[in-house]
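Trainee: In case you want the letters, here they are:
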Amino acid sequence: MSYFSDIYKGIKTLLTGMSVTGKYFLTSRKGAITQEYPDNRDTLKMFERFRGEVVMPHDENNEHHCTGCQKCEIACPNGSIEIIWDRGIDEETGKKKKKIDKHVYHLGLCTMCGLCIEACPTDAIVWAQNYENSTYDRTQLTKVLNRPGSKLKAGVED
Amino acid sequence: MSTMNIALSITKTIQDWLIGMMPEGVASISAMVIVALIYLAIFAVAGLYLVLLERKVAAWFQLRIGPNRVGYWGLLQTMADALKLVSKELTGTIKADKFLYNLAPYFVIVSSLMALAVFPFTKEFQAFDINIGIFFLIAISSIGVIGILLGGWSSNNKFALIGAMRSGVQTISYELSVGLSLLTMVLLTGSLQLSEIVETQKDGWLILQGHVPAIIAFMIYMIAGTAETNRAPFDMVEAESELGAGFHTEYSGMKFAYFFLAEFINMFIIAAVATTVFFGAWLSPFGITESLPWLGVFWFLGKTLVLVFLMMWFRWTFPRLRIDQLLTLEWKYLLPINLANIVIMAIIVWLNLTIKF
Amino acid sequence: MTNEALQNLISDWIPDLEFTEEESQFLNITVTPENLHQLMTELKNNSETKFDYLFCLSGVDWQPELGVVYHLESTTHRHMVVVKVKTDDRENPTLDTVCDIWKTAEFHEREVFDFFGIKFNNHPNLKRLFLTEDWEGYPLRKDYEDEINMVIK
Amino acid sequence: METTAVKSNFKSEEYFINMGPQHPATHGVLRLLLTIDGEIIKKVEPDLGYIHRSIEKMCERDSYQQIVHLTDRMDYLSSHINNEAVCLTVENALQLEIPDRVKVIRTILSELTRIASHCLWWGVMGMDVGALTTYFYGFRDREMINDIFEETCGARLTMNYNIPGGLMFDIHPNFVKRTKEFIAHFKTKLPEYDTLLTGNVIFQKRTKGVGILTKEDAISFGASGPVGRGSGYSCDVRKHHPYSAYDRITFNEALKTEGDTFARYQVRIQEMWEAISIIEQLIDNIPDGEHKVATNAVIKLPKGEFYQKVETARGELGVYIISTGTKNPYRLKFRSPGFSNLSLLNHIAVGGKIGDLVASMATLDLVIPDIDR
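If you read the protein sequences in the order shown, they are chains A, B, C and D.
Heads up: the first sequence at position 144 corresponds to 144 in the numbering used here, and the numbers run straight through without jumps.
To convert a position in the second sequence, counted from 1, into the numbering used here, add 1000.
To convert a position in the third sequence, counted from 1, into the numbering used here, add 2000.
To convert a position in the fourth sequence, counted from 1, into the numbering used here, add 3000.
Derived from the structure by calculation, the hints contain no laboratory data.
Misleading hints may appear alongside valid ones.
Below are the DSSO-like pairs computed for lysine-lysine, each with C-alpha atoms no more than 30 angstroms apart in a straight line [to be verified]:
(1) Lys1095/B <-> Lys3042/D
(2) Lys2050/C <-> Lys3256/D
(3) Lys2142/C <-> Lys3300/D
(4) Lys2050/C <-> Lys3239/D
(5) Lys2142/C <-> Lys3327/D
(6) Lys3057/D <-> Lys2103/C
(7) Lys96/A <-> Lys143/A
(8) Lys2127/C <-> Lys3042/D
(9) Lys3303/D <-> Lys2086/C
(10) Lys45/A <-> Lys1056/B
(11) Lys1056/B <-> Lys12/A
(12) Lys45/A <-> Lys30/A
(13) Lys3327/D <-> Lys3303/D
So that you can see chain A by itself, here it is in the shape it has in the complex (with noise of 0.2 angstroms):
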């Protein structure tokens, strides 16, 4: 009679999957898999590879790596760093060489790829953590990395 069977069998692989809920349900204390996101947020703090933004560093006397020279932008998937550079005069050489001048990041088309810093030989841009990038208005997507009236660091060559 397998009627009464399966019916029996039916029962019990109903009753172990009960068994698994029933376990997680007592346990519940605990704690959850989820994290509270709005109230963690001074606590939470992501790897120091995560990938939240590319910023140029800048040591204490306003100095950076950037020497203008343009692979990054030539790296870039899709086109999301422009680099405005112009003709300068070098100090010691009084060669004519490229100066940066604003290293736009358009933080709205970056895919967080990583070619960038891939391609940079003198190090300039590094990932930052933050991962909070929302805006209210597109245009505040658009950053210039190297702040107002910083230089490259002497002695940096590409």
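Since the structure of chain A is provided, determine the placement of chains B, C and D on it from the hints.
Mentor: Here is chains B, C and D on its own, set in the frame of chain A:
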């Protein structure tokens, strides 16, 4: 002791109080209106807290925290939901059948609230103690289906139509086994009146008296009960992954709130019927709190909440049955077992092998 | 079977077939559109070759000609072959369909029609798969111009 | 299949239903035009293109490093394996000698991606069939793998950690520790998947004998991955055309022959066990050495055609590059596993009910950007 039970039989006390003020006929009608308003208020709030209980229990099953933002420990969450739903705009499809579309929610909410009147919360604390109690309950719960069918058909949406047809088929076939399983228990008690049933359970709950067939009847009743309220393994009516929101896709605002609230009150009703029939409504296990009839409410609600938790446990563990498997389960498995069960129970009652304390 | 054995087995089925092997890991067969269908059915049904798995069907715009490249593999002998077919008329390129031999070709051919405009006769329902019906032009052709969507860096 | 309803003079005509771009069962922007008669499905016609970004046209103007990052956006659940596919094609074309360390790390990361993808599939499969708690158990395990990826590659979903010639930077110091923790944790949780869903009688009734796909049809429709292996067609690229470190590990291919939804489900569960054993074999002896081989900045492939097959979580991804020696490919075609798996949906769903269509679509594990490209 006597001071305690003055306020117990609410209908009589309100009626006597009113008769003093106005003529006979008007008094009884206004008494009924007052009782109905009290019940409506209590069970609207009870429905809200059932929804919150469901969301909290679901969260604990799923390693989540559940609503904890609105009010301390999330207590006001469903209150906020209700207010949101009240303030929402009542949208609807243009080509919908306007009259039936608006009528559907009232069918559902009325049928679930009417069924509440019959439950024995404590000794005489019962709105209407009519002598065909269980028969009345089953009849009322079949009206709810008409509301769902109307809602699904009239909102002129293909998914809603499929959902409504599924619910029609499902509820009609599962009412059969709800009725039959309650019938097996009525064999033991001999009367349909709910207070009578509780009376006979004074010497041992029915589930103990009827031992084996009663337990089988209880299991069948729980399965059919969950199917009756379109919940858990049988929720093809609003199967999220197949039909989106099923029959109440086109409803919004207060109309949706009626459907939503009615589902939870139905769940409460199914659990409450199970407690009255199987577990002796307000009778404490060995008559320990017989002296204080007021404690009966605590026993009644406690048992009902245990059964409600059981139904929630079903919901958050089992996948969904397909519509034809659902019908084969009913017609090929539950019905034959039910009929066999009635015969066994009849033999037991005839040879009175029931266990009496 | 090794490429050479394949080559001389297949070469005596149909007269003018070109076999090349450099520039690619597999044996390449170039066939004329007329006897494409016959070669394909033979490749599938012949007991020694039994290429029953068409795993890649790609349209290619070889600048003057438009062509389709079929990558075939046999699930029993585990050898692979590449069949190429080219038509040089760009206004109304038509080829025979192979979806009666391999059912996977039905969707792949609709994709090739969608992006290259190559029509496949006696294909069950040959209409655009990805783009909308009223999209004019065939995007993956080399001479496709579209100022709005195509950003030329 | 039960006997269909007796059709006396009772006339019922078919009607169309849009399982439209927004539908919980399609996991993405796929539109299925269903012709149904009551509950029984007569015809399923997918309508694609809602997320078509013409990746193949973009590849014709991008350099090879830039193409690798595009593949993340195709099958985002096995983005690591897609990157590896393009990198392998380019490396084989240039005949680059890849250090052993890179091969082993790539294989470990591929298997981790496979487990993460199957965890998500299992959670969503449970949800499609009605058990809503499986979603959270599946995501709990997937989150642990995402943390491992975030720590090593910096991103959780679109990793872009592979570049032609090796890895962008070396693995994080506690990558090995975290992976071992995950393996220990997952070994206790995977049996729970079975007791909760596989053993469940309702689940078996919903999936056994549903959406039957015979072996010949699987081959003829080009089904690959767990969909093909569910019908007994052994199409594991890691077995037949081994790449990176797959030739030095021993694992057996998960094969079932019934070809119904339950068989495809069991294949994926067994694949998770296989993935765990593969990681265990490799995690302890990662050879040390360079993490990438220097390639010149502008990669130019020699003239010719190159094809590379890779086994992603969904099936066999093929990268076909026709190069004329310039810095970007003349034509690049991705043979996407989801595309062929979708084409057989009509074949297995006709005659079943809507519930069957949703169940068998869940085991096809469709990712729509992978189909639309």
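Trainee: Look at each hint and say if it fits the structure.
Mentor: How the hints compare with the structure:
| no. | hint | result |
| --- | --- | --- |
| 1 | Lys1095/B <-> Lys3042/D | 27 angstroms, holds |
| 2 | Lys2050/C <-> Lys3256/D | 23 angstroms, holds |
| 3 | Lys2142/C <-> Lys3300/D | 20 angstroms, holds |
| 4 | Lys2050/C <-> Lys3239/D | 20 angstroms, holds |
| 5 | Lys2142/C <-> Lys3327/D | 17 angstroms, holds |
| 6 | Lys3057/D <-> Lys2103/C | 26 angstroms, holds |
| 7 | Lys96/A <-> Lys143/A | 28 angstroms, holds |
| 8 | Lys2127/C <-> Lys3042/D | 21 angstroms, holds |
| 9 | Lys3303/D <-> Lys2086/C | 19 angstroms, holds |
| 10 | Lys45/A <-> Lys1056/B | 29 angstroms, holds |
| 11 | Lys1056/B <-> Lys12/A | 27 angstroms, holds |
| 12 | Lys45/A <-> Lys30/A | 22 angstroms, holds |
| 13 | Lys3327/D <-> Lys3303/D | 11 angstroms, holds |
Going down the numbered hints, you'll see the structure goes against none, and every one checks out.
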